[in-house]
Amino acid sequence: MARSDYKQKTVAVAGTELSYLKAGKGKPVLVLHEELGNPGWLAWMRALSENRQVIVPLHPGFGVSPRVDWIRHVGDLANFYAQVMVERDWVGADVIGFSFGGWIAAEMAAQNPRQFASLTLVAPMGIRPPQGVIRDLFEAPTEAYLAASVKHPADTAEFDSLFGGATTPEQFERFQDATAEAARLAWQPYMNNPALFYRLALVRDLPTLILWGEDDAIVPASAAALYRDAIPDARLVLFADCGHRPEIEQPDRFVKKLKSHLS
Amino acid sequence: MHIATFTERPYGPVPEEEVIRNASFFGVSNRFLDPVKAGALFNRYLDEKLYAEELGFDGVMLNEHHANPFTLGAVMDVEAAILARITQRVKISLMGNPLPVTDPLRLAEELAIIDMISGGRLVTGWVRGAGCEQIANNINPTYNRERFDEAHDFILQAWTKDGPWRYEGKHYEYRHVNPWAKPIQKPFPQTWIPSLVSPETAVFAARNRYSYIALATFLPPTMEMWNLYADTAAEAGYQAGPECFGYLQKVVCADTEEEAYELGKNYIYGGGQPAFARPEWMFPAGYNSKAATKRLAYALSDPETNEAVVSGKQAGGGVDVAQTRRYNHEVLYENLLRNRQIIAGTPDTVLPKIRHILETLRPGIFSIWHIEGGSTTQQQSMRSMKLLAEHVLPQMREWARELDLPGPDEVRPGSRKLPPGGQRDPVCDPGARAA
Numbered sequence: 005m006a007r008s009d010y011k012q013k014t015v016a017v018a019g020t021e022l023s024y025l026k027a028g029k030g031k032p033v034l035v036l037h038e039e040l041g042n043p044g045w046l047a048w049m050r051a052l053s054e055n056r057q058v059i060v061p062l063h064p065g066f067g068v069s070p071r072v073d074w075i076r077h078v079g080d081l082a083n084f085y086a087q088v089m090v091e092r093d094w095v096g097a098d099v100i101g102f103s104f105g106g107w108i109a110a111e112m113a114a115q116n117p118r119q120f121a122s123l124t125l126v127a128p129m130g131i132r133p134p135q136g137v138i139r140d141l142f143e144a145p146t147e148a149y150l151a152a153s154v155k156h157p158a159d160t161a162e163f164d165s166l167f168g169g170a171t172t173p174e175q176f177e178r179f180q181d182a183t184a185e186a187a188r189l190a191w192q193p194y195m196n197n198p199a200l201f202y203r204l205a206l207v208r209d210l211p212t213l214i215l216w217g218e219d220d221a222i223v224p225a226s227a228a229a230l231y232r233d234a235i236p237d238a239r240l241v242l243f244a245d246c247g248h249r250p251e252i253e254q255p256d257r258f259v260k261k262l263k264s265h266l267s
Numbered sequence: 359m360h361i362a363t364f365t366e367r368p369y370g371p372v373p374e375e376e377v378i379r380n381a382s383f384f385g386v387s388n389r390f391l392d393p394v395k396a397g398a399l400f401n402r403y404l405d406e407k408l409y410a411e412e413l414g415f416d417g418v419m420l421n422e423h424h425a426n427p428f429t430l431g432a433v434m435d436v437e438a439a440i441l442a443r444i445t446q447r448v449k450i451s452l453m454g455n456p457l458p459v460t461d462p463l464r465l466a467e468e469l470a471i472i473d474m475i476s477g478g479r480l481v482t483g484w485v486r487g488a489g490c491e492q493i494a495n496n497i498n499p500t501y502n503r504e505r506f507d508e509a510h511d512f513i514l515q516a517w518t519k520d521g522p523w524r525y526e527g528k529h530y531e532y533r534h535v536n537p538w539a540k541p542i543q544k545p546f547p548q549t550w551i552p553s554l555v556s557p558e559t560a561v562f563a564a565r566n567r568y569s570y571i572a573l574a575t576f577l578p579p580t581m582e583m584w585n586l587y588a589d590t591a592a593e594a595g596y597q598a599g600p601e602c603f604g605y606l607q608k609v610v611c612a613d614t615e616e617e618a619y620e621l622g623k624n625y626i627y628g629g630g631q632p633a634f635a636r637p638e639w640m641f642p643a644g645y646n647s648k649a650a651t652k653r654l655a656y657a658l659s660d661p662e663t664n665e666a667v668v669s670g671k672q673a674g675g676g677v678d679v680a681q682t683r684r685y686n687h688e689v690l691y692e693n694l695l696r697n698r699q700i701i702a703g704t705p706d707t708v709l710p711k712i713r714h715i716l717e718t719l720r721p722g723i724f725s726i727w728h729i730e731g732g733s734t735t736q737q738q739s740m741r742s743m744k745l746l747a748e749h750v751l752p753q754m755r756e757w758a759r760e761l762d763l764p765g766p767d768e769v770r771p772g773s774r775k776l777p778p779g780g781q782r783d784p785v786c787d788p789g790a791r792a793a
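Protein chains in written order, with our numbering: chain V, 5 to 267; chain L, 359 to 793.
Hints may contain errors.
[As the list claims (entries may be wrong)] Subject to a maximum C-alpha distance of 20 Å in a straight line, what follows is the list of computed DMTMM-like cross-link-like pairs (lysine to aspartate or glutamate):
1) Lys-26/V to Asp-9/V
2) Lys-528/L to Asp-98/V
3) Lys-623/L to Glu-374/L
4) Lys-260/V to Asp-98/V
5) Lys-528/L to Asp-9/V
6) Lys-540/L to Glu-504/L
It is worth saying that the hints were derived from the structure and are not from the lab.
All chains, full assembly: derive it from the sequences and hints.
Written out as structure tokens, the structure reads:
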């Protein structure tokens with residue numbers, strides 16, 4: 005991938021320094037990354053940035069942006085990003101959150117749905133699945149967690165380019181930073197907020213798209229229906245034969261669904 | 359010198375192939391635990407502590423690990439309470455209570471009760487707890503150090519400040535602190551801090567004037583920690599002495615060399631201490647500081663290929679049990695004997711090796727990690743203790759006088775003055791002649 009695709013910026017905001025990746029021009033789309041840090045500048049981001057401004061903040065404490073001490077729960081992190089949106093003039097952006105980042109986006113929507121033009125949740129954590137459990141990130145080697153995150157690792161080209169081969173020291177360090185901060189925020193209750201389902205009832209008049217792989221082995225797809233039922237204007241699209249990362253497992257269909265939702 | 363006896367109190371009958379296949383004691387299913395056998399083992403270990411007192415040891419030392427056949431004592435204070443009642447003279451040292459994973463008010467009560475029942479014979483010890491203790495108790499590892507510091511401060515207050523009072527901290531809150539349990543020892547029980555060469559721990563122990571116990575670590579890094587302790591002590595205005603330092607060492611004795619050699623193999627049953635827990639359990643997310651994580655990331659990478667060595671790939675179906683067992687016996691055991699991590703022999707051959715440790719480290723506390731686990735019988739274990747008590751301990755006591763190695767009961771840690779001029783004296787002797 006060409007590095008000139010995007011720029012990394014660091015700004016003073018909400019009482020700290022926040023780094024983010026940015027590409028493209030037009031109406032902003034805010035991307036909230038997953039629990040292992042932002043995996044990279046992905047094909048779907050490139051596709052979207054052709055006619056939209058794509059902004060990927062790097063969560064505080066996940067290795068690049070410094071940790072913020074008062075953020076002790078995901079709800080705090082959601083409040084932090086709400087402050088960032090106001091200060092950076094991003095209010096009214098579309099938001100898309102992946103896994104742990106989907107949980108942040110859902111918390112933000114519950115706190116103030118009017119800060120977004122639309123909400124897209126990709127296999128979000130945050131609601132405890134009625135069947136199965138969210139896979140434990142903290143007890144197993146990260147490599148095992150990653151391997152479980154896509155259904156067909158060997159046939160998923162972008163997965164192989166991101167995570168194939170041995171873990172490099174840089175990756176090891178990033179995973180350590182990210183999992184440590186994820187543990188700090190979501191050790192218990194593990195990766196969910198028991199009140200979130202009920203608090204999402206206030207999310208009205210916010211076009212919401214939920215995307216989920218039917219064979220997700222990280223966040224069981226049984227939670228998808230709960231998310232759909234919790235958010236009044238939500239639409240759920242399931243991806244067959246797909247794991248936790250539809251954006252790289254079935255990128256064409258993913259981009260199509262996303263673009264039609266955003267337009 | 360204070361001479362104690364210690365054992366991990368393992369669940370000996372755990373199938374060795376299960377430990378090897380799992381590449382770790384932690385994580386082996388408890389379906390292999392027979393409570394009748396475990397109960398008998400608890401009683402055996404308690405009887406051996408009584409026997410240690412009868413034989414003339416100065417102290418009995420316990421430790422605590424959770425969800426692990428490596429150590430049955432998951433709630434060490436229960437055993438300590440029994441020992442408080444059934445022993446008469448020995449110090450009962452707890453190495454240590456994992457502060458971050460235990461309710462500190464409850465701990466203050468338990469330990470004070472043990473000190474009261476024993477008539478003031480408790481030696482308390484504080485640890486962060488291994489990574490797997492955080493997992494087994496579901497305690498957020500990212501707050502491990504903060505919880506350790508806060509719990510430590512809180513317990514000292516609970517022991518020394520009259521109640522009732524209210525406490526509001528970051529990780530703990532109590533609306534009514536007024537334990538009807540106070541230690542007999544004033545202002546609080548004698549305290550030793552066990553550690554695996556962690557600089558932060560050496561500094562913590564020195565600042566608080568607690569003795570520092572090196573848990574069977576290699577001599578050069580142990581001396582580094584003792585020098586760090588002594589430097590910190592000098593900054594705090596006192597001279598560290600042997601009373602500030604303790605050392606734990608695996609020692610097994612038998613009537614013949616061959617017998618001791620065979621018996622010592624039980625130290626590496628299932629892979630022994632190196633197989634305690636896999637890396638992902640030893641170092642869960644956020645358990646170490648970012649600086650320590652960085653050190654780890656680069657220290658564990660092959661400089662040629664850049665490949666990280668840390669992984670859990672060794673566990674599972676791919677493990678060759680017979681080959682691993684052979685490796686443990688032929689390579690691991692021989693290495694541990696050669697580098698003196700294990701001392702096995704008759705009293706005559708054991709003594710010079712202990713003398714070398716005493717000369718080099720100059721400890722005022724020496725704890726013998728006696729043989730248990732695997733196929734060790736109670737008779738073998740007790741025979742080893744008897745040989746040590748009759749032929750090794752008297753000589754060690756004589757050497758302790760000759761080398762001037764007082765324990766913390768003879769000289770209070772932190773009570774020595776710095777020499778005139780303020781430059782501290784050496785605390786160990788790296789030039790001691792190897793036996």
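### Restraint check for Lys-540/L with Glu-504/L, where alpha carbons must lie at most 20 Å apart
violated, 25 Å
### Message
What's the verdict on Lys-528/L and Asp-9/V, does the C-alpha distance respect the 20 Å limit or exceed it?
### Response
Since the Cα atoms of Lys-528/L and Asp-9/V sit roughly 44 Å apart, the hinted pair is violated (cutoff 20 Å).
### Task
Measure nothing beyond the straight line between the CA atoms of Lys-528/L and Asp-98/V; if it is 20 Å or shorter, mark the hint as holding.
It is violated: about 37 Å lies between the C-alpha atoms, which goes past 20 Å.
### Task
Take the C-alpha atoms of Lys-623/L and Glu-374/L, compute the straight-line distance between them, and say whether it is at most 20 Å.
holds, 13 Å
### Message
Holds or violated: Lys-26/V and Asp-9/V, Cα atoms, limit 20 Å.
### Response
Distance ~9 Å between Lys-26/V and Asp-9/V Cα, so the pair holds.
### Query
When you check the alpha-carbon spacing of Lys-260/V and Asp-98/V, does it fall within 20 Å?
Roughly 16 Å separates the two Cα atoms, so the pair holds.
Going down the numbered hints, you'll see the structure goes against 2, 5 and 6, while the others check out.
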